[in-house]
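Colleague: In the order they appear, the protein sequences are chains C and P.
So the first sequence is numbered by our numbering: it starts at 777 and just counts up by one.
So the second sequence is numbered by our numbering: it starts at 56 and just counts up by one.
Simulated from the structure, these hints should not be mistaken for laboratory data.
Just so you know, even glycine gets a beta-carbon here, dropped at the ideal spot from N, CA and C.
Among the hints, erroneous ones may be present.
To be verified - Quick list of the computed label-pair ranges, beta carbon to beta carbon:
{"hint": "1", "chain 1": "P", "residue 1": "Gly291", "chain 2": "C", "residue 2": "Gln1005", "range": "52 to 58 angstroms"}
{"hint": "2", "chain 1": "C", "residue 1": "Asp871", "chain 2": "P", "residue 2": "Ser149", "range": "36 to 42 angstroms"}
{"hint": "3", "chain 1": "C", "residue 1": "Arg1009", "chain 2": "P", "residue 2": "Glu145", "range": "53 to 59 angstroms"}
{"hint": "4", "chain 1": "P", "residue 1": "Gly291", "chain 2": "C", "residue 2": "Ala943", "range": "48 to 54 angstroms"}
{"hint": "5", "chain 1": "C", "residue 1": "Trp909", "chain 2": "P", "residue 2": "Gly282", "range": "36 to 42 angstroms"}
{"hint": "6", "chain 1": "C", "residue 1": "Ala885", "chain 2": "P", "residue 2": "Ser110", "range": "49 to 55 angstroms"}
{"hint": "7", "chain 1": "C", "residue 1": "Trp909", "chain 2": "P", "residue 2": "Arg220", "range": "20 to 26 angstroms"}
{"hint": "8", "chain 1": "P", "residue 1": "Leu143", "chain 2": "C", "residue 2": "Arg960", "range": "41 to 47 angstroms"}
{"hint": "9", "chain 1": "C", "residue 1": "Tyr1022", "chain 2": "P", "residue 2": "Ser149", "range": "53 to 59 angstroms"}
Unchecked claim - Residues from chain C that face chain P, not an exhaustive set, calculated with beta carbons under 10 angstroms:
{"hint": "10", "residue": "Thr901"}
{"hint": "11", "residue": "Gly905"}
{"hint": "12", "residue": "Trp909"}
{"hint": "13", "residue": "Tyr927"}
{"hint": "14", "residue": "Arg930"}
What the hints assert, rightly or not - Residues from chain C that keep clear of chain P, each with C-beta distances beyond 10 angstroms, as calculated:
{"hint": "15", "residue": "Val794"}
{"hint": "16", "residue": "His969"}
{"hint": "17", "residue": "Glu979"}
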Amino acid sequence: MLDVRGLKKVYEGSGRRVEAVRDLTFTVDAGELVCLVGPSGCGKTTLLKCMGGLLTPTSGEVLLEGRKVSGPPPGMAFVFQEYGRSLFPWMRVGDNVELPLKQKDLSKARRRELVRDALESVGLTDAVGAYPWQLSGGMQQRVAIARALAYEPRVLLMDEPFAAVDAQTRADLEDLVRGLWRDRGITILFVTHDIDEAVYLGERVLVLSASPTVVQEQLKVDLPAERDQLHTRVDPRFAELRTHVYEQIQAAKRGVVRDAVTKSDTPPPH
Amino acid sequence: MRGGHVALGAAGLAAFLALGEAAPRLGLVKEAYVPPTSRIAEALVDEAADTAFWSALGDTLTGWALGLAIAVCAGVVVGVAVSVVPYLREATASTIEFLRPIPSVALIPLAVLLYGTELKSVLLLVVYASFWQVLIQTLYGVQDVDPVAEETARSYGLGTWARVRHVLWPTALPYVMTGVRLAAAVALILAITAELVIGAPGLGRQIAVAQTSQAVPEMYALIVVAGLLGLLINVGARTVERRALAWHQSVRGEVAV
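Could you build all of it, start to finish, from the sequences and the hints given here?
Modeller: Printed below as a string of structure tokens:
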């Protein structure tokens, strides 16, 4: 579905050369929910923007369904961390959700239907006529998610979408994303710096090293598909997995990179 | 609170008018040069009954509105184009900085040479003065586009034109509105100046005529009309601004979440 091959991104400017991403190779299968975690400043956002066609990699390539990504692909939607800046304050919620659909060849009735359906999925049917700034932060991010859903993407890229909301809202939104993923069968790549969030949400967790970034480890999350905030988070297996990821991130920060990891592995049980 | 402000404002204005009435009557200033408020008011009423006054007012407003409209359209189009087309901004910056400070009144001889006392003379001056106000504000506004908003639009496949329309234009609009408000005031000044100096038909020429024919109260009455016009234009521009920018934080204020 999504193939990242030898991706490298170097920023050059004003005499400084910053290697944000050194060499990243991984794949995401159709219908998977993969979480990317890494120490802060490790180039997670750079990676996601390269995947979304917003940045051109220095070398390497990203393939979506076998086709090379050279600009924002139509089957992909992006949810940004800064929901307040990503939603347009001059448009009502309904218009914000509808705007991307106007680029597609859809009838007005079909667009309306998609907008209504998407807002219903995130529990914001009543907010259609409100302006984004009249809503709370969590609700604004729901609108941004609804906008992505209405676009009917096959792949959804989420860049630390819940980093700026409070803990309770965050838990609700995590369950929302998992629910949508299970209902709609979208492939989701979810970037976060929160280890618990990565383990709770993901079917697989990719741990990135510190900058210059490579894949430190890939980890399969063998928790049951049915997850909830109360029980999953106290599951001993959850604790093991999060401890493992935490250790990997600490190792990444110290710069200990394990030998090239090519296939998914699972930490030793118990 | 608001009522208090209005009352204070009215009291201040009343005091000013009373002073205007008292000063000539007490002989503090010469009545021939500064007639009392009541005389000016009388002259104003007489003017209102005169069709020549209304056609002069119409001429001034025509020059103002037409000039402003041309300047706003040109300023916005040039401003957006200069910002969107690569390298154009760098290429034009020094020229803009050179042309902008030229006072519009310095072009009066040129206007007379080209168009005599026609409306076109007024338009040339009005457009030149207002154009820069709009252009500069548009250039600032266009630079203010939020990179996240821009990336959002790009990630959803919005093309250049759609991004100009849905992202760049609404972002620049608050700046453009400020430019239009400033330009509206400047346009009126230039319209009346042009009429006064060149003799193009309008309030300015009426003022000059009143002055040369020693009709001092009439002259003051016309000046009052020009002032009221400026006031109305400013209030009107602010109203339009508030309506168009209801979503903007400068207008919407704090909202309960």
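Colleague: Now, for every hint given, state plainly whether the structure supports it.
Modeller: Against the structure, the hints come out as follows:
1. Between P:Gly291 and C:Gln1005 the Cβ separation comes to about 56 angstroms, which falls inside the hinted range of 52 to 58 angstroms.
2. Between C:Asp871 and P:Ser149 the CB atoms are about 40 angstroms apart, so this pair conforms to the stated range of 36 to 42 angstroms.
3. The supplied range of 53 to 59 angstroms is met by C:Arg1009 and P:Glu145, whose beta-carbon atoms lie about 55 angstroms from each other.
4. Here the CB-CB span from P:Gly291 to C:Ala943 is close to 49 angstroms, well matched to the stated 48 to 54 angstroms.
5. Distance hint for C:Trp909 and P:Gly282: a CB-CB separation of about 39 angstroms, consistent with the stated range 36 to 42 angstroms.
6. The given range of 49 to 55 angstroms is respected by C:Ala885 and P:Ser110, whose C-beta atoms sit roughly 54 angstroms from each other.
7. Between C:Trp909 and P:Arg220, the C-beta spacing of about 21 angstroms keeps the proposed range 20 to 26 angstroms intact.
8. About 45 angstroms separates the C-beta atoms of P:Leu143 and C:Arg960, a value consistent with the hinted range of 41 to 47 angstroms.
9. At about 57 angstroms, the CB distance of C:Tyr1022 to P:Ser149 agrees with the hint of 53 to 59 angstroms.
10. For C:Thr901, the suggested interface contact is broken, since its CB lies about 19 angstroms from the closest CB of chain P, more than 10 angstroms.
11. A hinted interface residue such as C:Gly905 counts as satisfied when its beta carbon comes closer than 10 angstroms to some beta carbon of chain P; here the least separation is about 13 angstroms, so the hint is violated.
12. Below 10 angstroms, beta-carbon pairs count as interface contacts, and C:Trp909 has one with chain P at about 6 angstroms; its hint therefore holds.
13. Taking 10 angstroms as the C-beta cut-off, the interface hint given for C:Tyr927 holds, the closest approach to chain P being about 6 angstroms.
14. Using the Cβ-Cβ criterion of 10 angstroms, the hint placing C:Arg930 at the interface with chain P is not satisfied: the shortest such distance is roughly 14 angstroms.
15. Listed as outside the interface, C:Val794 is consistent with that label: its C-beta sits roughly 18 angstroms from the nearest C-beta of chain P, beyond the 10 angstroms cut-off.
16. Non-interface call for C:His969 relative to chain P: holds, since the shortest CB-CB distance, roughly 18 angstroms, exceeds 10 angstroms.
17. Every beta carbon of chain P lies more than 10 angstroms from that of C:Glu979, the smallest distance being close to 24 angstroms; the non-interface claim holds.
The structure does not agree with the numbered hints 10, 11, 14 stated previously, though it agrees with the rest.
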